[in-house]
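Quick note on numbering: the sequence shown equals residues 2 to 540 in the numbering used here.
Please keep in mind that the hints were generated in silico from the structure rather than gathered at the bench. Accuracy of the hints is not assured; some may be wrong.
[Claimed, not checked] Pairwise CB distance ranges (calculated):
no., residue 1, residue 2, range
1, Gly219, Glu331, 51 to 61 Å
2, Ile314, Lys107, 19 to 29 Å
3, His71, Val133, 30 to 40 Å
4, Asn518, Ile109, 21 to 31 Å
C-beta atoms are modelled at their ideal positions from N, C-alpha and C, and glycine is treated no differently.
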Amino acid sequence: MPHASVSLLSHASALLSVIGASPQGLDEHTVWVSTTVALSRVGEFEQETLKVLTMDSTSNPSMSKDQKLHIVMFPWLAFGHMIPFLELSKLIAQKGHTVSFISTPKNIDRLPKLPPNLAPLINLVKVQLPKVDKLPENAESTIDLPYHKVKYLKKAYDQLQQPITQLLQDIAPECVIYDFVPHWLGPIASKLGISRAYFSIFIAASLCFFGPAPTLMGLTPDHRTKSEDLTVPPKWVPFESTVAFRLFEINRVFDDITGDDENIPAAYRMGATFEGCNVLAVRSSHEFEPEWLKLLQEIHQKPVIPVGQLPPILNYGDYDDKEEWKAMQEWLDKQSKGSVVYVAFGREAKPSQAEVTEIALGLELSKLPFFWALKTRLGLADTDVVELPDGFEDRMKGRGVVWTSWVPQLKILSHDSVGGFLSHSGWTSVVEAIQFEKALILLTFLAEQGLNARLLEEKKMGYAVPRDEQDGWFTRDSVAESLRLVMVETEGKIYGERIKEVKRLFVDRNVQDKYVNNLLDYFKSHRDRSEDAKLKGLN
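Please model the complete structure; the sequences and the hints are all you need to start from.
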C-alpha cells in the first residue's frame, strides 16, 4: 500500500494546476503540512489549505529554511507527559532551534540528562509551584502522590498562570507547545501573539473518542454524564472500532473526568485546550493511525500534525558503571534468549494489595522467568504500602527478580533475554516495547490506558489479561495463562510477530525527522506574533 502522502502529493499537484499555480518543487512533506487530510474538504477550510499550498518563501519570508525559532514547552506535571515533551524538545533542538522547557525545580532535576550537544539549545526553566491546602510538602509530580491527591497538584498548577504569563512576556517565543491540563494558556498566548500548539501525548484514537470541544465542555446534548456512556464508541466515529473504555476502567477515572468542587473536570480542560490552540500536534503517525488522524481533523476543524512516535534513543553506555544495573544485567545474562517477562506499570499506576498478590502468584504459576519493577508506594504521602505474598521471593529465587526502586527500563527492554512485557499500556512503554520487539501483555490501571489497549488489541499488537467487566478483577490463573499464551504457546505467537511487523512504522528515524520538520514548517509559516500584540501584551 503506497504511503498516504504520495496520493496527497498528486492530489495537491492536480489542485494547484486547476487554480493555475505551479506544482514544481513541491515535496510530499510540504504538501502534508499544508493539507494533511483537508484536501477532501470543501468550502472555507479547503480554500485556506490551497492558500497555504501556493505560498512560498519569496512571498512569505517566515518560510525561510534557515529561520530559527524559540519554542516554549509546558507539559503537565507527570513524567508520562514530561518525557515525551522532552523527547520532542530534543528533536526540535537538533534542528538548531531554541527550546525553553518549563517545569518545577524538583521535576527539572529528575529529568534525564540532556545530550551535551543539545544542552546549549534547551533551557530548563524552573518555576516554583505555589503551595495549596492538602497538597503534601515537596509534591511536584504525580509520582509523588497517591491518585486521590493529584487534584491538589492540579490546583497548584493552575496558580502558575501569572508566572507563566510573565515568562512568556520575558522570553517572547514564536510558539508555545503545551499540554491539556493548562487549559488557560491558550488565551494568554493568543493575547501575546504567540502561536499555540496543543501537544497530545494521547494517540489520535483516544482524542477522537474524547470528542469535539463543545461536547467535552458540556455545551451540547452529546455531553456524556454517566460512566456507561464512555463504554461504547461515540456516534461521531464513522467506522467500526472497539476503542472505548471498559466499565471498570472508566469508573477508576470518572471523578477526574467529570470533576468536583476541588477539581476542574479533565474533560473541560481538554475541550478548552482544543478551543484555544492553533494546531493539534499528536504523538502518532499516518503509517499507524491514518483513519483516526483524518477523523480528528474533521472533528476539530483545525490542522492536525502528527509528530511521530518519539522513540527514545538508548545510549548503550548509560548506567553501565552503576552497581544496580550490573546486578540486573548479571541476572538477565543468565536467562535464555526471549524467555523473560518484564513487568512494569509505569510511574503513576500502583496496583492494589490484592492485585499485587494475584500478579505475583500468576507469575509463579506461569513458570516463566521474570523481572518485576514493583512500585510499592506513590510518594511519601502514600501510606498504603503494598507487599509481596509471604514466601514469594524465597520461592522465586533464581527464577525471578523483584526490584522496588527505579530501573533503567530501556536497558532492560533492549536485553536479548527479555521476550515479553506485562504492561499498563501507557503509550511511552508501548513505543519502547515495539522499539525492542517485545510482545505485549496488557493490564490497564489509569487514564487513557484502556483506549490504548483496545487499539492494540484491534491491531493484534497486544493481548489483554481477562478481567471482570464490572470491577476489573483478574486472577492469578488469568495472569499465568495470558503470559504463557503470548510467550510460549503457538497460537499466541501472532502478538510478537505483529510487533516485529510494525516496528519500522515506529522507529524509522528518517520518518520521525520528517514529522518534526512538518511541525516546524507549520510554525514558520503561521507566525502570528504581531507588532501590536508584542507592544500591548496583557492589559
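>> Quick check: does the Cβ-Cβ distance between His71 and Val133 fall within 30 to 40 Å?
In response: Because 31 Å falls inside the window, the suggested range holds.
>> If I claimed the Cβ atoms of Asn518 and Ile109 lie 21 to 31 Å apart, would that claim hold in this structure?
In response: Because 28 Å falls inside the window, the suggested range holds.
> Range hint 19 to 29 Å: satisfied by the CB atoms of Ile314 and Lys107?
Replying inline: 25 Å, holds
>> For the hint 51 to 61 Å, verify it against the beta carbon of Gly219 and that of Glu331.
In response: For Gly219 and Glu331 the Cβ distance comes to about 55 Å; the hint holds.
Hint compliance for this structure: every hint is met.
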